[in-house]
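> Sequence:
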Amino acid sequence: MYSKDDVRINKRTGSHYERKSGHWSLVAAECEPEDIDGQVSEILSQLSSDLTIWNELSSKYSIDLFCGIFMEKSNEGMDISPKTLVELGNRGIMLALDIYDGSE
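In our numbering, the protein residues as written are -5 to 98.
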């Protein structure tokens, strides 16, 4: 977690720079096989369900839920329920998927 304008020092070069934005994160338990609906629910259950608060937050900040998807084969699929998509959408949360091909 860090705040906008926090100073970061590059360990390799020693150079300093100010962060242009803040960041905080929550992590869901890993699931195998995947359970993205359960993981999203786990994260959202730790936060306010008041959509007025979410509307205020999403009008001021960029909010995303980053999910790393690790496939075992090159052609796999997964489903995200409409309920989960609505829960994210109602809160102004962008769903960001980073999909890793397991065929290598």
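Rather than coming from a laboratory, the hints here were simulated on the basis of the structure.
There may be inaccurate statements among the hints.
[To be verified] DSBU-like mimics (lysine-lysine), calculated; alpha carbons at most 30 Å apart, straight line:
| hint | residue 1 | residue 2 |
| --- | --- | --- |
| 1 | LYS14 | LYS67 |
| 2 | LYS(-2) | LYS54 |
| 3 | LYS54 | LYS77 |
| 4 | LYS14 | LYS(-2) |
> Determine for every hint whether it applies to the structure shown.
Each hint tested on the structure:
A distance of roughly 38 Å separates the Cα atoms of LYS14 and LYS67; the hinted pair therefore is violated under the 30 Å criterion. This hinted pair checks out: LYS(-2) and LYS54 have alpha carbons roughly 14 Å apart, not beyond 30 Å. For the proposed pair LYS54 and LYS77, the alpha carbon gap of about 25 Å is at most 30 Å, so the pair holds. Only pairs whose Cα atoms come within 30 Å are accepted, and LYS14 paired with LYS(-2) is accepted, the gap being roughly 6 Å.
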